[in-house]
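A.B. asks: Use the sequences and the hints to build the structure in full.
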Amino acid sequence: DAKTTQPTSMDCAEGRAANLPCNHSTISGNEYVYWYRQIHSQGPQYIIHGLKNNETNEMASLIITEDRKSSTLILPHATLRDTAVYYCVHNNDMRFGAGTRLTVKP
Amino acid sequence: NAGVTQTPKFQVLKTGQSMTLQCAQDMNHNSMYWYRQDPGMGLRLIYYSASEGTTDKGEVPNGYNVSRLNKREFSLRLESAAPSQTSVYFCASSEQLSYEQYFGPGTRLTVT
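Sequence order for the protein chains is A and B.
Position 22, counted from 1, in the first sequence is what this note's numbering calls 22; the numbers after and before it change by one each time, with no gaps.
Position 43, counted from 1, in the second sequence is what this note's numbering calls 43; the numbers after and before it change by one each time, with no gaps.
Incorrect hints may have been included.
[What the hints assert, rightly or not] Straight-line Cα separation of at most 30 Å, DSSO-like style, residue types lysine-lysine; simulated pairs:
| no. | chain 1 | residue 1 | chain 2 | residue 2 |
| --- | --- | --- | --- | --- |
| 1 | B | Lys57 | A | Lys3 |
| 2 | B | Lys57 | B | Lys71 |
| 3 | B | Lys57 | A | Lys69 |
| 4 | A | Lys3 | A | Lys69 |
| 5 | A | Lys3 | A | Lys52 |
| 6 | B | Lys57 | B | Lys9 |
FYI, nobody ran anything at the bench for these hints, they're computed from the structure.
C.D. replies: Following this line, the structure appears as structure tokens:
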């Protein structure tokens, strides 16, 4: 089983921020948290990763709690094309759980 | 720059038949991976190759073999296909082990 825990599904209104949580309470000190998404049946796509500082790139922001036991992926202005399954992964684990199915609604 | 390519895109096998799934990357990555994804499930790691010349078992290696042919290519072989191996197979690569992975489009395999 994956070492991360994510909600099964979430909805978000188009144009609003989507906040996707992930619990990774067993993460070790040198492990990064990686986020990927899978649109329909395509191959997963890398989004962002972080160790302990918050990170931002052109796709998303990643907020990691101070104790590193959880993180939140933020899509600041969700669009219909962001509808996908989102996975959070420990980089040394290489196990993808079932992820969170995000549905962005008009 | 094609990234990660996989062949074939679709395949139907009869129980007991063998086949090899091909994967190639043009990003000069050291590490490569094979995953399977069953309907409604996450990805499960079958085998990985940290660098050219090395391969290691992942979470679900039974019934599969792999070959890291060179730095670019990593193949997955099913010696005697079983219906339980019906799945979508994804290949991925990364610059180093445990760095961000880049995935291919997948091979949809049905074993009847």
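A.B. asks: Give a verdict on every hint.
C.D. replies: Hints versus structure:
1. B/Lys57 <-> A/Lys3: holds (18 Å)
2. B/Lys57 <-> B/Lys71: holds (18 Å)
3. B/Lys57 <-> A/Lys69: holds (28 Å)
4. A/Lys3 <-> A/Lys69: holds (11 Å)
5. A/Lys3 <-> A/Lys52: holds (18 Å)
6. B/Lys57 <-> B/Lys9: holds (24 Å)
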